[in-house]
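*Asks:* With these hints in hand, go ahead and build the complete structure from the sequences.
Chains as they are written, first to last, in numbering that gives the first Met the number 0: chain A, 0 to 122; chain B, 0 to 355; chain C, 0 to 129.
No lab work stands behind these hints, which were simulated from the structure alone.
Treat the hints with care, since some could be wrong.
Claimed, not checked - Keeping only pairs whose Cα atoms sit at most 20 Å apart, straight-line, the calculated EDC-like set for lysine to aspartate or glutamate is:
(1) 299/B to 155/B
(2) 282/B to 173/B
(3) 299/B to 173/B
(4) 352/B to 62/A
(5) 68/C to 62/A
(6) 68/C to 61/A
Said to hold, decoys possible - Beta-carbon label-pair distances, calculated as ranges:
(7) 287/B to 5/C: 50 to 56 Å
(8) 322/B to 2/A: 35 to 41 Å
(9) 323/B to 12/A: 38 to 44 Å
(10) 12/C to 314/B: 52 to 58 Å
(11) 78/C to 312/B: 45 to 51 Å
(12) 287/B to 35/C: 41 to 47 Å
(13) 225/B to 36/C: 22 to 28 Å
(14) 318/B to 56/A: 29 to 35 Å
(15) 108/B to 56/A: 51 to 57 Å
(16) 350/B to 29/C: 30 to 36 Å
(17) 4/A to 277/B: 52 to 58 Å
(18) 131/B to 12/A: 33 to 39 Å
Treat the numbers as computed from the prediction; the structure is a model and nothing was measured.
Cβ coordinates follow ideal geometry from the N, Cα and C atoms, glycine included.
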Amino acid sequence: MMGIQQAYQCLFLGAVLILALLIIISMIRSVLGPRVADRIIAVNMIGTMTIMIIAILSVYFEENYLVDICLIYAMISFLGVVVLCKVYTGVYLRDKNMEANMEAVEDNLSQQKQEVHDYYENE
Amino acid sequence: MSRRKDNYETSRWRQFMQWLAGEIDPLTAAKVGMIQEKAETLPDEKMERGKVSTLQATPGNESDEREAHSAAAQAEKAAGQAKSAMAAEPWLNQPSGESRGLRLYRRFYQVMSILLCMGIISVLLWTIAYLPIFGNAGNPDNNEVSARYIEKGLDETGAVNMVTGMILDYRAFDTFGESCVLFIASCCVLVLLRIDNDGGSESWKKRQTEANDRIFEPKNDIILQKCACVLVPVILVFGIYIILNGHLSPGGGFSGGAVLGSGLILYLNAFGFQKAERIFNGKIYQRITVSALTFYCLAKSYSFFTGANHLNSGIPLGTPGNILSSGLILPLNICVGLVVACTMYAFYTLFRKGGM
Amino acid sequence: MAWQWYRFGAASLCLVTGIVFMILAVFGVNRFHKALNRMHAAAMGDTLGILFVFLGLILVRGISFDSLKLFLVILFFWMASPVSGHMVSRLEAMTDEELGELLVIRRSRRIKAKEGEDSPEDRGESQAER
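*Replies:* Right, dumping it as C-alpha cells:
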C-alpha cells in the first residue's frame, strides 16, 4: 500500500513532467509561428505553464515563498504581452505610413481622428 | 526675521535651488569665457600632439621627424586660423592636408588602447590562475565565511531572511555598488537617447512626441484602461509588501522595485505619457534616486564606522521576526527598491520616447 | 486516514483536469492555422487550466495564507488574461491584411480613391515576420 506522501509525490512529479513536455512543444510553435501574434501567444502559454510548475513545486517542497514568484511572473508576463502588442502595432503602422498607405491608420484609429488631423496640420 | 529679502533672485540659495531643480547650468555663466580660453590654448594642444607624434616616430629616422615637425607647424597654422574663425570647436573643420600628425596620434592612441586592454585582461587572467579550485571543500569560503553567516547572522543582523542579512548588512557596499551601477546605466541611456530640445521649443517637441504616440500606437484602449484601474494599485501594493517584508521573507529591494516599476509601466501603457508625467517625471526621478543613494551611503558608512571601531551604534536590532526589526536593513531595502523602480521606469520611457 | 485519501482524490482530479486542459490548449495552438484561432485555444488554458491546477493545489494545502496567495494568482489571471487576449487580437486584426478587416473598414468609409490599385496588392502581400 502506497503512503499518502508517495502518492502526492508521484502526482506532482507527473504533472511537472507533462508540463515541461508541453513547454517544449509550445516553444516549437513560438519558433515556427509565422506571425508576431503567434509568437506572443506561444510565449504567453509558456509563461502560464511555468507559473503552474512553480506553484506545483511550491506545494511539493512546501516552500511558501515560491507563490510570490508566481504572482510576480504573472504580472511580468501580462505586462510583456501588453507592451509587445503596443510596440508591434506601432511599428506596423509606422511602416505602412512610410509606404504612404495612410488610410489604414485613419481607419484603424478612427476614434483618434481628431488628433490625426491635428498632426497633419502641424506637419 | 520676517524681513523680505530683496536680493533673493541673485542669492546663492536661489541659485542652489535652481541648480537642484535642474533649471540652470552652473557652467553656463562661464561658458563664453571657456570657449575663448579653449581657442587660446589650442596651439599648445597642437604642439603637444605634434610632440607625441615625434615621440612615436623612431629616433634616428630623420625624415619622420621632419615630417612630424612640419605637421606641428601646420597644426599651429591651422590653430591660428581657427582662432581667427572663433568657432566653438575649430578642430572639427580644419583642412585635411595638415592632419598627418593628428592621424598618427590617433593611430598611436588606438594601438595603445588595445595594448592597455590586452594588458589588463592578461593580468586578470593571470590572477585567476592563482585562485583556488572552484568547489574545493578546503576553500576558505566554504568553511569559515558561510559558517559565520549561518551561525551568527541572526544575532548580528537581526534579519530572519539570511540572504537579506548578507547582502544588506555584511556586504552592503556591494549592494550599494549595484544600485549605483543601475543609476549610472540609466544616466548613460539618458545621455545617449535623450531627444535634443535645441531645435524648436520644448512644448512643441513634447506635443509632437505625444502625437506620435497617439497616432502609431493604440493608446485609448478602454478595456486596457479599465483593467489597469484595477490592477495597477494591486501591483503597487504587492511591490510595497515585497519591499517592506524583505528581511522576513524572500524578496527585498530588487524584486520589489521591479514589481513597482512594472506597475508604473502598466499605467503608462494604459494611459499614455501625458497622464503618467503627472505622477512621475525627470525631476522626481532625479530627486528620488539621488536622495535614496545618498541616504544609503551615509547610513551604511555610519554603520560601518561604528562597527569597525566597536562603538555602540545606537541602532536597535529589535525582535527578529517583527516588521520593525533588524536595524538598518528595512530603510536600506526601501532605498534600493526606490532606485530599482525608478531605473526600470526610466529605461522604459527613455527607450520609448527619449525623455522622461 | 480515509478523508486524507478523499482529499488526495479530489486534488488529483482537479490537477489532472487542469493538465488535460493545458494539453488541449497546446494541441490547439499547434494545430490551428490562424493566429485568432490559436488565441481561442490558448485562452482556454489561461483560464480553465489555471483554475483547475490551482484549485487542486489549494485543496492540497488546505486553508492557509498560501492558499490565499494561490487564489490571488487565479484572480489575477482571470483579470489579466482576457485583456492580454484582447491586446493580441487587436494587434492581429490591425496588422493582418489577409483577414480583410482593413478592406471592410475602408469600404464602409467610402474611401475608394486608391482602392482599385492598392487593395489587390494589399491582399496578396504576405505579412511575414518583422
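*Asks:* With reference to the structure, classify each hint as holding or not holding.
*Replies:* Hint-by-hint comparison with the structure:
Proposed proximity of residue 299/B and residue 155/B is supported: the alpha carbons are some 15 Å apart, at most 20 Å. A hinted pair counts as satisfied when its Cα atoms are at most 20 Å apart, and residue 282/B with residue 173/B does not qualify at roughly 27 Å. About 11 Å separates the Cα atoms of residue 299/B and residue 173/B, which keeps this hinted pair within 20 Å; it holds. For the given pair, residue 352/B sits about 41 Å from residue 62/A by alpha-carbon distance, which is inconsistent with the 20 Å threshold.
Between residue 68/C and residue 62/A the alpha-carbon distance is near 13 Å, which keeps this suggested pair within the 20 Å criterion. The straight-line distance between the Cα atoms of residue 68/C and residue 61/A is roughly 14 Å, inside the 20 Å bound, and the hint therefore holds. For residue 287/B and residue 5/C, the Cβ-Cβ distance of about 54 Å falls inside the hinted range of 50 to 56 Å, so the restraint holds. The beta-carbon spacing between residue 322/B and residue 2/A, approximately 39 Å, falls within the hinted interval of 35 to 41 Å.
Remark: the range hint 38 to 44 Å for residue 323/B to residue 12/A is upheld by a beta-carbon distance near 42 Å. For the hinted restraint 52 to 58 Å between residue 12/C and residue 314/B, the CB-CB distance of approximately 54 Å keeps it satisfied. Restraint check, residue 78/C to residue 312/B: a C-beta distance of roughly 46 Å satisfies the suggested window 45 to 51 Å. Separated by about 43 Å at the C-beta atoms, residue 287/B and residue 35/C satisfy the suggested range of 41 to 47 Å.
About 26 Å separates the C-beta atoms of residue 225/B and residue 36/C, a value consistent with the hinted range of 22 to 28 Å. Distance hint check: the CB atoms of residue 318/B and residue 56/A are about 32 Å apart, consistent with the given range 29 to 35 Å. Checked against the hint of 51 to 57 Å, the C-beta distance between residue 108/B and residue 56/A comes to roughly 55 Å, which is consistent with it. For residue 350/B and residue 29/C, the Cβ-Cβ distance of about 33 Å falls inside the hinted range of 30 to 36 Å, so the restraint holds.
For the pair residue 4/A and residue 277/B, the supplied restraint of 52 to 58 Å holds, since their beta-carbon distance comes to about 55 Å. The given range of 33 to 39 Å is respected by residue 131/B and residue 12/A, whose C-beta atoms sit roughly 38 Å from each other.
Checked against the numbered hints above, the structure violates hints 2 and 4; every other hint is satisfied.
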